[in-house]
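Spelled out from the first residue to the last, the chains are:
There are 2 protein chains.
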Amino acid sequence: MNNIVVIGGDGFCGWPTSLHLSRRGYDVTIVDNLSRRRIDDDLGAQSLTPITTIEDRITAWEEVSGRTIRFEMLDVAQEFDRLVSLLAELKPEAVVHFGEQRAAPYSMRGLTEKRYTVDNNINATHNLLAAIAGLDLDTHVVHLGTMGVYGYDGDGLEIPEGYQKVKVTGDDGTEFDREILYPTNPGSVYHMTKSMDQLLFQFYAKNDRMRITDLHQGIVWGTQTPETKLDERLINRFDYDGDYGTVLNRFLMQAAVGHPLTVHGTGGQTRAFIHIRDTVKCIQLAIENPPAHGDRVVIRNQMAETLRVRDLAELVANMTGVQVAYVNNPRNEAAENDLRVSNKSFRDLGLNPMTLQDGLLEETVEIAEKYSDRYVPQTVSAGSLWTKFQKPGVVSEVQRFHVPHRIAV
Amino acid sequence: MNNIVVIGGDGFCGWPTSLHLSRRGYDVTIVDNLSRRRIDDDLGAQSLTPITTIEDRITAWEEVSGRTIRFEMLDVAQEFDRLVSLLAELKPEAVVHFGEQRAAPYSMRGLTEKRYTVDNNINATHNLLAAIAGLDLDTHVVHLGTMGVYGYDGDGLEIPEGYQKVKVTGDDGTEFDREILYPTNPGSVYHMTKSMDQLLFQFYAKNDRMRITDLHQGIVWGTQTPETKLDERLINRFDYDGDYGTVLNRFLMQAAVGHPLTVHGTGGQTRAFIHIRDTVKCIQLAIENPPAHGDRVVIRNQMAETLRVRDLAELVANMTGVQVAYVNNPRNEAAENDLRVSNKSFRDLGLNPMTLQDGLLEETVEIAEKYSDRYVPQTVSAGSLWTKFQKPGVVSEVQRFHVPHRIAV
Ligand SMILES: NC(=O)c1ccc[n+]([C@@H]2O[C@H](COP(=O)([O-])OP(=O)(O)OC[C@H]3O[C@@H](n4cnc5c(N)ncnc54)[C@H](O)[C@@H]3O)[C@@H](O)[C@H]2O)c1
Ligand SMILES: NC(=O)c1ccc[n+]([C@@H]2O[C@H](COP(=O)([O-])OP(=O)(O)OC[C@H]3O[C@@H](n4cnc5c(N)ncnc54)[C@H](O)[C@@H]3O)[C@@H](O)[C@H]2O)c1
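Those protein sequences? They're chains A and B, same order as listed.
Counted from 1, the first sequence has number 236 at position 236 by the UniProt record's numbering; the numbering is strictly sequential.
Counted from 1, the second sequence has number 389 at position 389 by the UniProt record's numbering; the numbering is strictly sequential.
Looking at chain A on its own, in the form it has when it is part of the complex (with noise of 0.2 Å):
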């Protein structure tokens, strides 16, 4: 009963995750499909940092460590059959489920990324929980979901952990209280897919009384565990392309090669962020507090802080000596918002996060320019999500994509 599985365990938080749970004793098996490497060959983008294979990563843990993590080469959203065969044999405890496209920008590019994040989350995330129902296991689900499914405009109110209290009146003017899941208003094909999976969670937690958490996670910034320290092979990636990167991380590229940090508007857009240390630290909390059999979904919000972008450029030209350049913002978004969340309850689990002030420095040193080296100017101008629709004997259409979040994840 101590097994664990990460699907997702490749990627940028499931990899350092997968490292925190083995190292604390987890028999942890990974599950992931390598798409997400694909996906920076198709974009010819890759990590800054030198990510070795999966293989090498496991050997290289093997060797630090002297724990076995096990490895399964598997489509979560294509190959039910081997998601069934292999919790059937695991019974897993928990499986935490990092399995999905992640990234905003991207599943706006065009119709086939459009598609492909509708089709690989939505049924990623159906066949985990319908896996674990057919089989009547007691597998706890922990699923990262984001901030992102609030919608960030916000009216000043502060953001729940999921679920809001409301007033509903009757025909006689009688006032009832209701505690519903907070209304989402997803900026993007993928925070749609994650506003989505909420209801399958809502019915099988219902149907099924399957014990779900669904993380709300703020923006993940920093790029090393002291797991993923312990030896180079073990690096986590960090992306910086206009997909897969962060408005963050450019911003530390931009210092590193010493250019100014272009901020869009008045960079006045407030998100939620957290360091992957504490993210790791999250998923361990939430694994070990599980729901009981019947409650309703378990919904935290996982972020630290929430920043200004404007304010998040300052730190980084403070501590670079770069200069901030302010340029016209081609997105359809509010310029200047407001975001006030709550994390009770990680706080009240123990979690002391750390903040951008106290971190930023080590990445920008110890990341940033350590392997500027590697560092390739990419051109992401909004002009990228007008997409060119063409197919065969079609007149070739043109699209504009309104993205108001340019902000991955």
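Any given hint might turn out to be false.
No copy labels: a pair is met if it fits in one copy or bridges any two.
[Said to hold, decoys possible] Cut-off 30 Å, straight-line C-alpha distance, at most; resulting in silico cross-link-like pairs (BS3-like, lysine-lysine):
| no. | residue 1 | residue 2 |
| --- | --- | --- |
| 1 | Lys344 | Lys167 |
| 2 | Lys206 | Lys165 |
| 3 | Lys165 | Lys344 |
| 4 | Lys91 | Lys206 |
Because the hints were derived from the structure by calculation, they are not lab data.
Since the structure of chain A is provided, determine the placement of chain B with the ligands on it from the hints.
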């Protein structure tokens, strides 16, 4: 600009809708993969009425009306490129989207059916939206949703048309008014896909300013419309099997063969109903009253009346002289529920729907009794909702499904 595409136009609602629109001058193209007929074959079930092939139907219609309906055998969930070509060619004014797996009990049979329902319904809907967005068409999407997304554990409050007014309280006690998508509480995998569809519509209406109408339909009863009566080859389907048959159709068949009507528990569950003749009128009204660009999704409740199952049984019993037998309820559902539903939107557009009281006799005589020699008694007990989960190399497991609503759709 008079082209209408009817996805699922060979189905129970889609076929009479296609004829209704064709007769009124629209150029109708039916898109259907005939999956519904295949499912009948798989289940060993068949329509009580002798439906003809889609080719014969279309030929008969041409003979009777002088009007042509085009048919494209096409899987909307699977054959995206063909869908795109067709839409690019037709540039339809509206697409009426009936093309989903629509039986709640079928969607709960087992893992294959659950997975098929999610994969088929979500990809069908998303492919349609992505294609229209990608081609930058001005097509109005008219989708058939279900009353079932609201959930049936009503609290006595009237169910509004898709959006719920609520009050949210800020930290300082200030109250804010919001209007949100009605928080859904689907009771089957099928209903869950319709809840998920709502999020797809919300996103594409917002992001692509697509014009979308979502019709939350009650249980459709009745078989014939003025058009399907014109020639026996045009006859519509009448399902009475345990998966696709509604509670009313099963009562009608029991009455036709002189069996007592079996009501589970107290028969206190309330459901919403609409006659197929009104369904086709509603679709036309929806097409002719599209939202504006940039509007949120227009949601209309498409139903005429609500009735308790026992009252429905009494109605059939009074009309036919058979008895009502109350038996234990094997299902996990509230014994009594109330259901008050607003249908103001269609009433304001002039709908004056037929009631069960008025139309049930015709249905009894002209369908249930007339075709009773084609009746095949099928045993569908609650036991069929326990599914054997078996695969090579995996110890077989038994899964319990809680199906709160065995009443289809
Ligand atoms: N990185 C962030 O800032 C962030 C923030 C909020 C939420 N999240 C969520 O956390 C999860 C992990 O994010 P990440 O940054 O590690 O992404 P990632 O792309 O680096 O990792 C995802 C992994 O899942 C795998 N995968 C995708 N589809 C799969 C399938 N069908 N079968 C098997 N494996 C599959 C990929 O190959 C990849 O290794 C995602 O669901 C994401 O939405 C991430
Ligand atoms: N019948 C009812 O009482 C009722 C009530 C509420 C809502 N609805 C909704 O109305 C719609 C039509 O219902 P119906 O009773 O006519 O169902 P039906 O099963 O008779 O018709 C659906 C049609 O869609 C086709 N189809 C399914 N998947 C397809 C795909 N991927 N590509 C192309 N065609 C596909 C089927 O072959 C079938 O002909 C459904 O979406 C249903 O959810 C029906």
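Each hint, compared with the structure:
1. Lys344 with Lys167: both (23 Å within a copy, 23 Å between copies)
2. Lys206 with Lys165: Answer is both: 20 Å inside a copy and 25 Å across each meet the 30 Å cutoff.
3. Lys165 with Lys344: Close inside one copy (16 Å) and across copies (28 Å); limit 30 Å.
4. Lys91 with Lys206: within (21 Å within a copy, 42 Å between copies)
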